[in-house]
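Participant: First to last, the protein sequences are chains A, B and C. The numbering of the first sequence is my numbering, which starts it at 1 and goes up by one. The numbering of the second sequence is my numbering, which starts it at 1 and goes up by one. The numbering of the third sequence is my numbering, which starts it at 1 and goes up by one.
Think of the hints as simulated: they come from the structure by calculation, not from any bench.
Label pairs and their in silico Cβ distance ranges: (1) R8/B <-> R140/A: 48 to 56 Å; (2) G8/C <-> R36/A: 47 to 55 Å; (3) L48/B <-> D23/C: 53 to 61 Å; (4) L228/B <-> R36/A: 40 to 48 Å; (5) A190/A <-> R239/C: 51 to 59 Å; (6) G187/A <-> L139/B: 33 to 41 Å; (7) V220/C <-> R44/A: 29 to 37 Å.
C-beta atoms are modelled at their ideal positions from N, C-alpha and C, and glycine is treated no differently.
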Amino acid sequence: MTASVAMHLSDGVLDASTSVLFGAVAVAWLAVAAARGRIDVDDRTAPLAGLLAAFLFAMQLLNFPVLPGVSGHLYGGALAAILLGPWVGALCLSVVVVIQALLFADGGLTALGANMTNMALLGTAVGFAVALAARGLARRSRAGLLAVAFLAGLVSTVAASAGFVVEYAIGGQADVSLGGLAGVVIGVHAVIGIGEGVITALAVGAIVRVRPDLIYLVRTSETRELVAA
Amino acid sequence: MSGGVLYRPGDSPVHRIPPQVKLLAAFAAVLGVVATPREAFWAFGIDLFVVLAVWSVAGVPVGWFARRAVIEAPFVLLAVVLPFVSGGPRVDVLGVAVSQDGLLAGWNILAKGTLGVLIALTLAATTQPRDLVLGLQRLRAPAWFVTIATLMLRYVDVIAGELRRTRIARISRGDDPRFLWQAGAVARGAGTLFLRSYERGERVHRAMLARGWAGHMPAGPAAPVGALRWVAGGSPALVIATAWAVAAWPV
Amino acid sequence: MGGGRVAGVSALDVRGLTYRYPDGTAVLHGIDLHVEPGERVAVLGPNGAGKTTFVLHLNGVLTGTGHIEVAGLPLSPDTMREIRRRVGVVFQDPDDQLFMPTVADDVAFGPANFGVTEPELGERVRAALSAVGMAEHADRSPMHLSEGQRRRVALATVLASDPELLVLDEPSANLEPVARRELAEVLLSLDRTMLMVTHDLPYALQLCPRAVLIDNGVVVADGPTRDLLADADLLAAHRLELPWGFVPQP
Ligand SMILES: Nc1ncnc2c1ncn2[C@@H]1O[C@H](COP(=O)(O)OP(=O)(O)OP(=O)(O)O)[C@@H](O)[C@H]1O
Ligand SMILES: [Mg+2]
Numbered sequence: 001m002t003a004s005v006a007m008h009l010s011d012g013v014l015d016a017s018t019s020v021l022f023g024a025v026a027v028a029w030l031a032v033a034a035a036r037g038r039i040d041v042d043d044r045t046a047p048l049a050g051l052l053a054a055f056l057f058a059m060q061l062l063n064f065p066v067l068p069g070v071s072g073h074l075y076g077g078a079l080a081a082i083l084l085g086p087w088v089g090a091l092c093l094s095v096v097v098v099i100q101a102l103l104f105a106d107g108g109l110t111a112l113g114a115n116m117t118n119m120a121l122l123g124t125a126v127g128f129a130v131a132l133a134a135r136g137l138a139r140r141s142r143a144g145l146l147a148v149a150f151l152a153g154l155v156s157t158v159a160a161s162a163g164f165v166v167e168y169a170i171g172g173q174a175d176v177s178l179g180g181l182a183g184v185v186i187g188v189h190a191v192i193g194i195g196e197g198v199i200t201a202l203a204v205g206a207i208v209r210v211r212p213d214l215i216y217l218v219r220t221s222e223t224r225e226l227v228a229a
Numbered sequence: 001m002s003g004g005v006l007y008r009p010g011d012s013p014v015h016r017i018p019p020q021v022k023l024l025a026a027f028a029a030v031l032g033v034v035a036t037p038r039e040a041f042w043a044f045g046i047d048l049f050v051v052l053a054v055w056s057v058a059g060v061p062v063g064w065f066a067r068r069a070v071i072e073a074p075f076v077l078l079a080v081v082l083p084f085v086s087g088g089p090r091v092d093v094l095g096v097a098v099s100q101d102g103l104l105a106g107w108n109i110l111a112k113g114t115l116g117v118l119i120a121l122t123l124a125a126t127t128q129p130r131d132l133v134l135g136l137q138r139l140r141a142p143a144w145f146v147t148i149a150t151l152m153l154r155y156v157d158v159i160a161g162e163l164r165r166t167r168i169a170r171i172s173r174g175d176d177p178r179f180l181w182q183a184g185a186v187a188r189g190a191g192t193l194f195l196r197s198y199e200r201g202e203r204v205h206r207a208m209l210a211r212g213w214a215g216h217m218p219a220g221p222a223a224p225v226g227a228l229r230w231v232a233g234g235s236p237a238l239v240i241a242t243a244w245a246v247a248a249w250p251v
Numbered sequence: 001m002g003g004g005r006v007a008g009v010s011a012l013d014v015r016g017l018t019y020r021y022p023d024g025t026a027v028l029h030g031i032d033l034h035v036e037p038g039e040r041v042a043v044l045g046p047n048g049a050g051k052t053t054f055v056l057h058l059n060g061v062l063t064g065t066g067h068i069e070v071a072g073l074p075l076s077p078d079t080m081r082e083i084r085r086r087v088g089v090v091f092q093d094p095d096d097q098l099f100m101p102t103v104a105d106d107v108a109f110g111p112a113n114f115g116v117t118e119p120e121l122g123e124r125v126r127a128a129l130s131a132v133g134m135a136e137h138a139d140r141s142p143m144h145l146s147e148g149q150r151r152r153v154a155l156a157t158v159l160a161s162d163p164e165l166l167v168l169d170e171p172s173a174n175l176e177p178v179a180r181r182e183l184a185e186v187l188l189s190l191d192r193t194m195l196m197v198t199h200d201l202p203y204a205l206q207l208c209p210r211a212v213l214i215d216n217g218v219v220v221a222d223g224p225t226r227d228l229l230a231d232a233d234l235l236a237a238h239r240l241e242l243p244w245g246f247v248p249q250p
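Using the sequences and the accompanying hints, generate a full structural model.
Facilitator: In structure tokens:
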């Protein structure tokens, strides 16, 4: 969940050179992702990525309060990683981040690189790493899969916010104590991440029951047993 | 997407600027704002004036932007907090000692963040979502991006349709859709909504393929944009960039 | 275009087509169908028989196992684009098909994808829309049309691509009686090879000299529409029913 300070960074939080630096990081990473995770127009990945992007975009319209001053909506890094894998997941999220900035002014245009790095790249990569590490548990039972989805949602949210701390350390515009900043930002996002984890788990749970074939993480012969369980 | 969330239909000169020009101009303008030194207060005044001028040409009322700009609220919070938590020499403001550096940093976020949001909102208010994607397509965005973004805009309609149908079906069966109820039901139903939309999305995707869709909109060759339109469309960004150049010039 | 008929080559040849949906539902169990150029064939069958699933294979939108050939061209990943140009499918649900901001844009979508450019593009759009009687709605949003109007526009979107084989999934559903008759006139005037899925048996009889009956993913009957509809036992066995009082002339 986002709309907190550390995600959808606005313009002016980072200086111009840092903004450009992370723009380059994002472009390079996406080039790799595009090479590794093919989007074939004829294939199922295209509608799935498009639908997930639209879904995350639509969910943004349903903001709900998390803490005073912080509202949240599903941010989707872990969900994308679990459904689409780390590469296509990153592509999908980056489209969401760009379109949100262009259509809702959510996240500054010059902060696009940083926002893509945090949410589309770090978030999906870390979410997928967690899910992959715990794949044994995910395949054991439905409850296991939900637990893994929850954990991936939680950790990916914290990872994305940690990306902000790093960016702020490089190009932040005020000298606040970094330790303090990290503590606050990561603490808040641990709370927000619980919500993200719950929604990720609910969504994955609903999908695996009906269309296990849509879930990258478990798209193997084992899926059938999983549904039966 | 049939009706963009923020798009305000119109036929002003701003609406008519080709989307690729508008996109580049918006990016250049925001970059100019961000690069402007924070002490150059006058430059931000000029930037704001440019934005106001574009609105008056576009015929979009100031109040509309003011209401939409609340998306930035979390950053206002950050801007307010910074003067109190930053280090460095202190100054007195209304009898409270605050960090001078923090004060400037707060102002910096407030001014640049606000201008950034206003510029992006101007783009969103005067450009149809699908034209934005078309603009990105013409600016040579990668094929995967155009494919996902095109499907995404198509699917936002699908999802809205599914939500509407589900809601109507629930009301007709005696459900009481008060807002909070609805938020709860939506949160619970997120997975179901996703699936319903996906299965419809699959059919939509098939229908698009059946008519020869190849991943991008058949836009045909883009009408060449004359130098004059580039200058006209880019002029606000040019003014902002000039303000930046003057402000940043080492004296 | 529209013709391209080579003597001795059939318009459509399907052999041993089987398909299972990703969730495991097995739907088609070996469909065989052979259609000659210029034939109009009705595809009948109860709900859930697999008619729509079958139709989606004809332009490679779904890919099962088996062999499909359109006017002599076997369906494969390499020929997909050409096959899609040759086969026009009007989907069962017009909401799946229509999505552009205006009716005219939507009708232009297919031919533009296949490389038709102005001024021919505009000409095709106008012709297709007048063929279905929707010319005066060209600039409206498809979302704001009634169901029957959307169905007509959906047909126009396919007509505009000028396919050789026209495949219609329940074209008469939700049409008022006059529109239903007008649609029949449009279809009869097209002189095109046609496959029409329908539950509207009198309509099948009026439009299609030949009918195939699909149930449970296989073709269970294939012959002159009149003979099929006269076979009360066959109809009853596959949950088909003529409208009350309708007696096909022998
Ligand atoms: N996307 C899907 N995933 C799984 N099963 C499906 C899907 N679409 C259809 N089916 C199943 O396949 C079977 C055949 O469906 P199909 O839509 O082809 O029937 P139909 O003959 O067109 O029926 P109708 O007359 O109701 O349109 C049905 O049992 C249906 O439940
Ligand atoms: Mg059907």
